[in-house]
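Take the sequence shown: its position 21, counted from the start at 1, is 30 in the working numbering, and no numbers get skipped.
FYI, nobody ran anything at the bench for these hints, they're computed from the structure.
All of these numbers come straight from a predicted model, not from anything done at the bench.
Glycine included, C-beta positions come from ideal geometry on N, C-alpha and C.
Keep in mind that the hints are not guaranteed to be accurate.
What the hints assert, rightly or not - Derived BS3-like pairs (lysine-lysine); straight-line CA-CA distance at most 25 Å:
1) 93 x 63
2) 189 x 70
3) 111 x 44
4) 93 x 44
5) 63 x 239
6) 47 x 93
7) 189 x 44
8) 44 x 194
9) 93 x 173
10) 44 x 218
11) 189 x 218
12) 69 x 44
13) 47 x 63
Said to hold, decoys possible - With beta-carbon atoms standing in for the labels, derived distance ranges:
14) 111 x 163: 40 to 50 Å
15) 134 x 44: 14 to 24 Å
16) 108 x 165: 37 to 47 Å
17) 69 x 176: 29 to 39 Å
18) 191 x 235: 34 to 44 Å
19) 165 x 237: 14 to 24 Å
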Amino acid sequence: MLLYFSEMIPNLSSHFVKSIFKRNYLFVRQYASTKSYKLLFFGSDGIALSSLRKINEFRKKENHLIDRLDLVTTNNKHKTEILKYAEEENINTVTWPLDNLKHADYDLGLIVAFGHLIKEDLLNKFPLGMVNVHPSLLPRWRGAAPIIHTLLHGDQVTGVTLMKIKADIFDVGEIISQIKVPVSKDIRLPELTEQLSQYGADMLVECIKTLPKSLENAQPQSSEGVTYAKKIHKSISEVRWSFDVGKLKCTICTGLYMEFTHSPQHTKIKE
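Based on the provided sequences and hints, a complete structural model is requested.
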């Protein structure tokens, strides 16, 4: 079971828990689960692909833990990278919305960069609920664009949160685990996105390894330090010369160059 960095869980028996530090965060491992689980993965972009690949690789090595792994995506008309991977690996793909899903068809839902609100009737069909990887230290940067806002505001530390899904609202569920990740001074969006996606993938696998115990000690999010990462529009790429130098640098690095398409953008200066 994954926990916060240095927090201890009260009343947790020392006979079956061992703590080790790894990759800058604290693992608390319990004896591995002996049950096989049916997992339904929700995801549609590159961040999601990192997690799906990691889980699928784990499934191949530890096939007694994952009985079934299927993918839900939003668009089967275009061969996205995650769809190509699912096809190559013979992972069954289902298109959103899910109209025919029955209770207990799957044990647990896994959500990574999916972007659709989960309704209560869908959540209730998963006996173990649903978990979500969010690339920020919640409750900071709830919302659609946490990595962009991390860079745009010059945050020196970010992270990844694994949380339970709460029906009908984004990014407010109980926290299963978090890791802190320092933000390098000159890091760009693609590099930070890749870094956080790999951490998130590892966290999901660790969660699966110790089901259902990994879900039992989730903690509510703090009511302090809540910020919102609103969806980014192209207007944010406009340089406002009245900004102070530090903020202007963040705006140039994130807004003009790398925020929208992971490739350089262009601007014009009127004479």
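Status of the hints after comparison with the structure:
1. 93 x 63: OK: residue 93 and residue 63 at ~15 Å, within 25 Å.
2. 189 x 70: 28 Å, violated
3. 111 x 44: 21 Å, holds
4. 93 x 44: Roughly 30 Å separates the two Cα atoms, so the pair is violated.
5. 63 x 239: Roughly 29 Å separates the two Cα atoms, so the pair is violated.
6. 47 x 93: Holds: residue 47 and residue 93 sit about 22 Å apart, inside 25 Å.
7. 189 x 44: 31 Å, violated
8. 44 x 194: Given that 25 Å is the threshold and the Cα spacing comes to 44 Å, the pair is violated.
9. 93 x 173: Given pair residue 93, residue 173 is violated - Cα atoms ~28 Å apart, limit 25 Å.
10. 44 x 218: Judged against 25 Å, a Cα distance of about 10 Å means the pair holds.
11. 189 x 218: Holds - the C-alpha atoms of residue 218 and residue 189 are around 21 Å apart, at most 25 Å.
12. 69 x 44: Roughly 16 Å between the alpha carbons, so the hint for residue 69 and residue 44 holds.
13. 47 x 63: 16 Å, holds
14. 111 x 163: 40 to 50 Å: Distance hint for residue 111, residue 163 holds at roughly 48 Å.
15. 134 x 44: 14 to 24 Å: Given range 14 to 24 Å: holds, Cβ gap about 18 Å.
16. 108 x 165: 37 to 47 Å: At roughly 45 Å between Cβ atoms, residue 165 and residue 108 fall inside 37 to 47 Å, so the hint holds.
17. 69 x 176: 29 to 39 Å: 33 Å, holds
18. 191 x 235: 34 to 44 Å: Since residue 191 and residue 235 have Cβ atoms about 22 Å apart, the given range 34 to 44 Å is violated.
19. 165 x 237: 14 to 24 Å: For residue 165 and residue 237 the Cβ distance comes to about 20 Å; the hint holds.
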